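Enquirer: Chains A and B supply the protein sequences, listed in that same order. Per my numbering, residue 20 is the first one in the first sequence, and the count goes up by one each step. Per my numbering, residue 4 is the first one in the second sequence, and the count goes up by one each step.
If you're looking for bench data, these hints aren't it; they were derived computationally from the structure. This one's a predicted model, so the numbers in the text were calculated from it and none came from an experiment. The C-beta atom is built at its ideal place from N, Cα and C for all residues, glycine as well. Some hints could be false.
Take a look, some chain A residues computed to stay more than 10 Å from chain B by CB distance [as the list claims (entries may be wrong)]:
{"#": "1", "residue": "M34"}
{"#": "2", "residue": "R41"}
{"#": "3", "residue": "P73"}
{"#": "4", "residue": "S92"}
{"#": "5", "residue": "K97"}
{"#": "6", "residue": "Q129"}
{"#": "7", "residue": "G130"}
{"#": "8", "residue": "T134"}
Chain B is faced by these chain A residues, among others (derived, beta-carbon under 10 Å) [claimed, not checked]:
{"#": "9", "residue": "Q56"}
{"#": "10", "residue": "E63"}
{"#": "11", "residue": "L64"}
{"#": "12", "residue": "F84"}
{"#": "13", "residue": "Q99"}
{"#": "14", "residue": "P100"}
{"#": "15", "residue": "C111"}
{"#": "16", "residue": "F127"}
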Amino acid sequence: DAGVIQSPRHEVTEMGQEVTLRCKPISGHDYLFWYRQTMMRGLELLIYFNNNVPIDDSGMPEDRFSAKMPNASFSTLKIQPSEPRDSAVYFCASTILYRDSWNTEAFFGQGTRLTVV
Amino acid sequence: AQSVTQLDSQVPVFEEAPVELRCNYSSSVSVYLFWYVQYPNQGLQLLLKYLSGSTLVKGINGFEAEFNKSQTSFHLRKPSVHISDTAEYFCAVLNTGGFKTIFGAGTRLFVKA
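All chains should be modelled from the sequences, with the hints used to inform the complete structure.
Expert: Pasting the structure below:
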């Protein structure tokens with residue numbers, strides 16, 4: 020498997036524009052996570068899905084952020100409208116639950132570096 | 004709720020010297036503990052994890068960590084570092100009944116020649 024694939028790797032956009040980040044999890048994984056990494060706040064969990072269903076979106080900063088997972092192999096994180104303070108690296112990660120045991124690690128994509136100017 | 008504190012934001016060290024990156028956590032329930040490494044412009048990769056059993060855990064690239072329940076610590080060590088170990092290291096906790104991995108703020112390790 021090629022691992023978790025994110026696109027684009029870099030995105031520069033103007034304030035007010037819509038931004039869509041994409042993620043393809045590892046095949047067979049049933050959990051998908053979106054994280055945001057900034058110098059000030061470190062690595063924050065935004066939302067996670069189980070079997071394509073959003074389970075916990077309490078980390079989503081505001082209504083401008085939305086995430087979807089239309090099928091097991093694809094997820095998007097959308098920011099509309101974008102603001103300069105949204106500039107960060109956004110990571111997608113996936114994992115699989117074995118027999119109710121959470122002893123497996125999360126596999127991370129390489130991230131999307133978003134710059135909003 | 005859990006939290007993770009990485010006590011050093013940056014650790015400079017000379018090549019071939021030993022290093023310890025400190026991590027303390029708080030949780031009211033049992034946890035799993037992880038160390039991840041992030042190389043420049045890359046995602047996070049797992050270095051090692053503690054689930055149960057022996058408190059000394061060995062990981063990749065010669066790293067090891069020791070779980071100390073009484074001190075709620077999970078410090079990462081390497082006896083002799085290489086230039087290639089320069090990266091950011093994240094300690095993380097996951098409660099045994101939950102679904103969220105909580106990450107520390109990270110420690111940036113600089114290995115100098």
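Enquirer: If a hint holds in the structure, say so; if it doesn't, say that too.
Expert: Hint-by-hint comparison with the structure:
1. M34: With a cut-off of 10 Å, A/M34 remains clear of chain B, as the shortest Cβ separation is near 25 Å.
2. R41: holds (15 Å)
3. P73: Holds, because the least Cβ-Cβ distance between A/P73 and chain B comes to about 12 Å, which exceeds 10 Å.
4. S92: About 18 Å separates A/S92 from the closest Cβ of chain B, which puts it past 10 Å; holds.
5. K97: holds (21 Å)
6. Q129: violated (5 Å)
7. G130: Since the minimum Cβ distance to chain B is about 6 Å, A/G130 lies within 10 Å and the statement is violated.
8. T134: Label holds. Min Cβ-Cβ 14 Å, cutoff 10 Å.
9. Q56: Because about 9 Å separates A/Q56 from the closest Cβ in chain B, which is inside the 10 Å limit, the hint holds.
10. E63: holds (8 Å)
11. L64: For A/L64, the interface hint holds, since the closest Cβ of chain B sits about 6 Å away, which is under 10 Å.
12. F84: violated (17 Å)
13. Q99: violated (25 Å)
14. P100: Status violated, d = 27 Å.
15. C111: Holds. Min distance 9 Å.
16. F127: Status holds, d = 3 Å.
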